[in-house]
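Enquirer: Sequence:
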Amino acid sequence: MTTHDDGPVSRVRTVLLESGIGDTVRSFPAGVPTAVAAAEALDCDVAAITNSLIFDLNGAPLLILASGAARVDTALVADRLGEGRIRRASPDFVLEHTGQKVGGVAPVGHPHRIRTLLDVSLRSHNLLWAGAGDHESMFCITYQDLHRITGAEETAVR
Numbered sequence: 793m794t795t796h797d798d799g800p801v802s803r804v805r806t807v808l809l810e811s812g813i814g815d816t817v818r819s820f821p822a823g824v825p826t827a828v829a830a831a832e833a834l835d836c837d838v839a840a841i842t843n844s845l846i847f848d849l850n851g852a853p854l855l856i857l858a859s860g861a862a863r864v865d866t867a868l869v870a871d872r873l874g875e876g877r878i879r880r881a882s883p884d885f886v887l888e889h890t891g892q893k894v895g896g897v898a899p900v901g902h903p904h905r906i907r908t909l910l911d912v913s914l915r916s917h918n919l920l921w922a923g924a925g926d927h928e929s930m931f932c933i934t935y936q937d938l939h940r941i942t943g944a945e946e947t948a949v950r
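Just add 792 to wherever you are in the sequence shown, counting from 1, and you've got this note's numbering.
There's no promise every hint is true.
[What the hints assert, rightly or not] Cβ pair distances, simulated, as ranges: (1) ARG879 <-> LEU809: 29 to 37 angstroms; (2) HIS904 <-> ARG940: 29 to 37 angstroms; (3) ALA822 <-> ALA867: 21 to 29 angstroms; (4) ARG863 <-> ALA833: 18 to 26 angstroms; (5) ASP871 <-> ASP835: 35 to 43 angstroms; (6) LEU873 <-> GLU832: 30 to 38 angstroms; (7) GLY799 <-> GLY943: 32 to 40 angstroms; (8) ASN918 <-> VAL828: 14 to 22 angstroms; (9) ALA948 <-> ASP837: 28 to 36 angstroms; (10) LEU809 <-> ASN918: 20 to 28 angstroms; (11) THR934 <-> ALA833: 14 to 22 angstroms; (12) SER819 <-> ASN850: 14 to 22 angstroms; (13) LEU868 <-> GLY814: 19 to 27 angstroms.
Simulated from the structure, these hints should not be mistaken for laboratory data.
Think of the CB as a built atom: it goes at the ideal place given N, C-alpha and C, for glycine as much as any other residue.
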């Protein structure tokens with residue numbers, strides 16, 4: 793039995809249910825804090841894992857939903873946005889803006905809307921898996937539904 797705070801996971805479940813997707817959250821007591829660990833637990837390609845990465849763009853959070861097999865090219869993304877330099881956010885910045893800890897950030901369920909970019913390379917997978925708000929939980933979703941519920945801007949991130 794895990795003793796983690798279920799608050800963030802509950803918020804993610806609520807978004808999924810209210811969006812008509814259903815409760816697709818799965819729990820992994822051994823933890824899934826990385827894309828590789830999640831892919832192993834789910835027996836799927838690491839490229840089908842959707843990392844929710846928070847960056848600092850001029851003091852505001854920027855959420856990039858990227859394939860677990862990709863490394864975000866922040867210079868490329870910054871150039872495309874034309875709004876300044878993108879920096880990796882500190883764990884405190886991530887927690888402040890998402891209500892979730894690094895390694896368990898979900899694409900949804902945050903206290904306030906966060907500008908979001910969606911890696912177009914994720915389109916090639918029929919089913920994606922994303923963190924559900926903590927280090928032990930993941931949910932499955934299609935690319936189209938992820939795009940719909942996040943309102944993300946589609947772009948190449950590498």
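Enquirer: Next step is simple, just say for each hint if it's right about the structure.
Expert: Outcome of the hint check:
| no. | hint | result |
| --- | --- | --- |
| 1 | ARG879 <-> LEU809: 29 to 37 angstroms | 34 angstroms, holds |
| 2 | HIS904 <-> ARG940: 29 to 37 angstroms | 19 angstroms, violated |
| 3 | ALA822 <-> ALA867: 21 to 29 angstroms | 36 angstroms, violated |
| 4 | ARG863 <-> ALA833: 18 to 26 angstroms | 22 angstroms, holds |
| 5 | ASP871 <-> ASP835: 35 to 43 angstroms | 37 angstroms, holds |
| 6 | LEU873 <-> GLU832: 30 to 38 angstroms | 34 angstroms, holds |
| 7 | GLY799 <-> GLY943: 32 to 40 angstroms | 23 angstroms, violated |
| 8 | ASN918 <-> VAL828: 14 to 22 angstroms | 21 angstroms, holds |
| 9 | ALA948 <-> ASP837: 28 to 36 angstroms | 19 angstroms, violated |
| 10 | LEU809 <-> ASN918: 20 to 28 angstroms | 22 angstroms, holds |
| 11 | THR934 <-> ALA833: 14 to 22 angstroms | 20 angstroms, holds |
| 12 | SER819 <-> ASN850: 14 to 22 angstroms | 36 angstroms, violated |
| 13 | LEU868 <-> GLY814: 19 to 27 angstroms | 35 angstroms, violated |
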